[in-house]
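Q: Next come the chains, spelled out residue by residue.
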Amino acid sequence: MTYKLELTKVSKSYGDKKVIDDLSLGIEPGEFFVVLGPSGEGKSTLLKLIAGIEQPDSGRILVNGVDVTSQPPNKRNIAMVFQSYALYPNMTVRGNISFPLRMHGASKDTIRGKVESVSKLLKIDSVLESPVSKISGGQQQRVALARALVRDPSVFLLDEPLSNLDARVRLSARAELKRIQRELNQTFVYVTHDQKEAASLADRVGVLHGGKFECVSRYQDMYEAPLTKWLGDFLGDFPMNFIPINSGSGDGAVEAGFRPEWVKVGSEGFHAEVEAIESSGGLYYLFCVTHEGPRVVIRDSVRREVGEEIRFKPVKQLTFRNGMLVQTPGEKLSEPSSRA
Amino acid sequence: MRKPNDLNYLLFIFPALLYVGYFSFYPAARAVYLSFQTPHSHFVLVNYKSLLYYGLSSAVLNTVALTVGALLIQLAIGLGAASILLREFRGKRVFSALVIIPMGVATVVAAVTFSFIFPPPPGGYANALLELLHLPQFNWYANTLASLFTVMVADSWKNTPIVTLILLAGMSGVSPDLYRAAEIDGAGALRRFIHITLPNIRGSIAVALIIRGVSEFNIFALPLVLVGYRIPLLTTLTYEFYSSASIGDYYYSLASATILLAFVAAFILVVLKLGGGRR
Amino acid sequence: MTTIQRVLVYAGAAVVTAYFLYPLYVLLLVGFAPVQYTLDKIYPAQFTMHYTLANLVTALTSYGFIDPLVKSLKTAFLVGGLSVALGFPAGYGLSRVSKKVSSAASTTLFVVNMMPAIVIAIPISTQFVRLGLYGSFVGVGLAQELVALPLATFIIYGTFQAIPRELEYQARIDGAGVGRTMLGVLAPLAKPGIAAAFLLSWMLSWDEFTFAILLSPVHPTIPILIYHNIQRGNLLASTAFALFLTLPVVAITIMLQKYLKGEYLSGGVKG
Numbered sequence: 001m002t003y004k005l006e007l008t009k010v011s012k013s014y015g016d017k018k019v020i021d022d023l024s025l026g027i028e029p030g031e032f033f034v035v036l037g038p039s040g041e042g043k044s045t046l047l048k049l050i051a052g053i054e055q056p057d058s059g060r061i062l063v064n065g066v067d068v069t070s071q072p073p074n075k076r077n078i079a080m081v082f083q084s085y086a087l088y089p090n091m092t093v094r095g096n097i098s099f100p101l102r103m104h105g106a107s108k109d110t111i112r113g114k115v116e117s118v119s120k121l122l123k124i125d126s127v128l129e130s131p132v133s134k135i136s137g138g139q140q141q142r143v144a145l146a147r148a149l150v151r152d153p154s155v156f157l158l159d160e161p162l163s164n165l166d167a168r169v170r171l172s173a174r175a176e177l178k179r180i181q182r183e184l185n186q187t188f189v190y191v192t193h194d195q196k197e198a199a200s201l202a203d204r205v206g207v208l209h210g211g212k213f214e215c216v217s218r219y220q221d222m223y224e225a226p227l228t229k230w231l232g233d234f235l236g237d238f239p240m241n242f243i244p245i246n247s248g249s250g251d252g253a254v255e256a257g258f259r260p261e262w263v264k265v266g267s268e269g270f271h272a273e274v275e276a277i278e279s280s281g282g283l284y285y286l287f288c289v290t291h292e293g294p295r296v297v298i299r300d301s302v303r304r305e306v307g308e309e310i311r312f313k314p315v316k317q318l319t320f321r322n323g324m325l326v327q328t329p330g331e332k333l334s335e336p337s338s339r340a
Numbered sequence: 001m002r003k004p005n006d007l008n009y010l011l012f013i014f015p016a017l018l019y020v021g022y023f024s025f026y027p028a029a030r031a032v033y034l035s036f037q038t039p040h041s042h043f044v045l046v047n048y049k050s051l052l053y054y055g056l057s058s059a060v061l062n063t064v065a066l067t068v069g070a071l072l073i074q075l076a077i078g079l080g081a082a083s084i085l086l087r088e089f090r091g092k093r094v095f096s097a098l099v100i101i102p103m104g105v106a107t108v109v110a111a112v113t114f115s116f117i118f119p120p121p122p123g124g125y126a127n128a129l130l131e132l133l134h135l136p137q138f139n140w141y142a143n144t145l146a147s148l149f150t151v152m153v154a155d156s157w158k159n160t161p162i163v164t165l166i167l168l169a170g171m172s173g174v175s176p177d178l179y180r181a182a183e184i185d186g187a188g189a190l191r192r193f194i195h196i197t198l199p200n201i202r203g204s205i206a207v208a209l210i211i212r213g214v215s216e217f218n219i220f221a222l223p224l225v226l227v228g229y230r231i232p233l234l235t236t237l238t239y240e241f242y243s244s245a246s247i248g249d250y251y252y253s254l255a256s257a258t259i260l261l262a263f264v265a266a267f268i269l270v271v272l273k274l275g276g277g278r279r
Numbered sequence: 001m002t003t004i005q006r007v008l009v010y011a012g013a014a015v016v017t018a019y020f021l022y023p024l025y026v027l028l029l030v031g032f033a034p035v036q037y038t039l040d041k042i043y044p045a046q047f048t049m050h051y052t053l054a055n056l057v058t059a060l061t062s063y064g065f066i067d068p069l070v071k072s073l074k075t076a077f078l079v080g081g082l083s084v085a086l087g088f089p090a091g092y093g094l095s096r097v098s099k100k101v102s103s104a105a106s107t108t109l110f111v112v113n114m115m116p117a118i119v120i121a122i123p124i125s126t127q128f129v130r131l132g133l134y135g136s137f138v139g140v141g142l143a144q145e146l147v148a149l150p151l152a153t154f155i156i157y158g159t160f161q162a163i164p165r166e167l168e169y170q171a172r173i174d175g176a177g178v179g180r181t182m183l184g185v186l187a188p189l190a191k192p193g194i195a196a197a198f199l200l201s202w203m204l205s206w207d208e209f210t211f212a213i214l215l216s217p218v219h220p221t222i223p224i225l226i227y228h229n230i231q232r233g234n235l236l237a238s239t240a241f242a243l244f245l246t247l248p249v250v251a252i253t254i255m256l257q258k259y260l261k262g263e264y265l266s267g268g269v270k271g
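Protein chains in written order, with this note's numbering: chain A, 1 to 340; chain B, 1 to 279; chain C, 1 to 271.
Source of the hints: derived by calculation from the structure; they are not laboratory data.
Treat the numbers as computed from the prediction; the structure is a model and nothing was measured.
Every residue, glycine too, gets a C-beta built ideally from N, C-alpha and C.
Misleading hints may appear alongside valid ones.
What the hints assert, rightly or not - Which residues of chain B face chain C? A partial, calculated answer using Cβ under 7 Å:
hint	residue
1	Tyr9
2	Ala16
3	Phe23
4	Ala28
5	Phe95
6	Ile117
7	Pro122
8	Gly123
9	Ala221
Taking the hints into account, I'd like the entire structure generated from these sequences.
A: What follows is the structure, encoded as structure tokens:
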């Protein structure tokens, strides 16, 4: 059975600090939902609210339409994997994985069967009798995952479960996690600050900012057309470039936004001087200062020198008015030639 | 920070607080209240007035003198022992175990032992040592000051370990870089101790002095065994009245206990003031 | 270290060791040497080759030792048990509340630790008489707990602070209620701290004098038995009891060395 998770107008403050602010969200049954955001934006708090570790100041949390807001964590039937894995250090791998089953009063045979099958699925059946302190970091992560998978929870919550793994292990663990979620067809809520993780795992991504979702959609969509200037700045390896436009009309600040890869370097467009260069896989990211003042990052396939004068022209651009995306096809960028 | 949760967790602390409230604060308040009563009257100072005739002032004086003296001895030895424990040397493990042994020895056992070392004249183990070294004999109870000094030495034996451990915790917190810098600047061991160690462990010294100071005011079993009621202290005076069968004496003991409590309360206020400023 | 410093360290260590060990040595000497070499002499020898167990055997068999021993044991186990029963939840709670609340609560406990036993015991004694607790091990234990509880709570508090909160969350999410989380997950992890708190409380009660003599003078614990025998001039008997009292406690003290830290001893006060 798969479950739908809904949050309606949930708020949570610590002292004077509003961490979650009137947040509403619906997660579909079987969806892999990723909560993305910079650290300190209340991502973990959101998971704790769903799990029942923290109580919201106001608002409701519903699982398949049933209000669970006032239920304690042990009654919610939700599974969670913490960033630190939170393995019970005094127990073996088997003890850890079987713990939730024991707490839910499963029979000995059921426990044995389920523990064996989930540990085979995650390839930790060979270390079942080891103390958790004696196994590798990657295995510990699997044990934490196995402990969540071993029972049939309504929702899986994962709080940066891969961030303590080294880069190579992380990649394969990521793929495996996605495969497992597909097979189980269960509802996952996954918190991360890593955009690559979000992009590769999520059906939908919610970007948390200021206690609210700045945007909820497919990662690629919000990357291509960020709804706000903040979002354009936050998403991507490099922030989106912004250049003020003379809009003529007096209704606020208007800016053109473009990604580093949306430009063509050549003989027309803006004049800029290269200040620094970062190379990555045969491509070069040029950190430039335009003659008009704003600094930009642009991508080029040709190696340049620091101090070199270049010209570039966005081939695709978005318009932002007062920090918000203007949805209609972009206004013309004012030609720099008038000033050059 | 998390106000709603505090309430839940406070429930766990509550039994302990209830316990100390009922068995400690309530009786203490009752002692103060009853000390102003007699079997026949309420809210009178007669108990306190009578105490003045039974040596209250010398009890206060002796208690203060004993406290100051014992603190000085414990601080001196404690500083020495902690400085030693801060260094690495062969046998340090054994030494650090030895240093805390007196903590585990019951006060009354310390009292028995020191009554053999410092018995009323003539003789005893200490005087036997002096004789062995051809030094003059000493009457450990020749006068009030000598008696108090004898009690101080015995008490310091048992309580220096606590002072040592507190000072050691403070010294361990001083950065070794400070010592190295001073050494490069040409400061000798003594100067390093005076100019770096002491100022940096001021806090620990204050804590040790306060904790031990309060305990010294409460010192009871040792003087009771070594000097009995001859040299009155606030505690032994209180106990003398308490153990007498007369009901009037029971109220005197409450008055005397209240004065002791007043001194301790003053100490506690100093602690809270210091602690409050630092938290 | 230079050679001079090294010499100074060893010399200092030797002097301090002598000061701390000499009284224990005297106690052992009086306890195990025939009395004609020790207390019967004005200037007893600092060293002797004559040893006997007679002092101890006589004292332990002919001075009504059993009742005080039983009483001491019952009291000490009561105090140890109370410390765990009250200190375990309190230490846990302290580690989970906000800084402000925890420092207020630990200040309260610290004040209790400073409260003079004699001041509390006098009014308590009349109430215990009324409740039928005067002279009983329960009465003595309930009072002695005041000395032990703050220290026990601070030790357990420190232990819980070292246990990540997420383990507790995880247990709750995995379906354990509050009670099972505490007993099934947290208690096993806090075991060393709880054991230390129990032993330390046991030991404080075993050694305690003031509450014991004020609240149960007629049916004494061992420390009071020692005092009574000094009063009556039975010095050898009191020495034997003193040795009996001391040996287990010295062993426990050395075992607990790790927990006898300046931080705990100074309780709620920070330097």
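Q: Going back to the hint list, which numbers does this structure go against?
A: none
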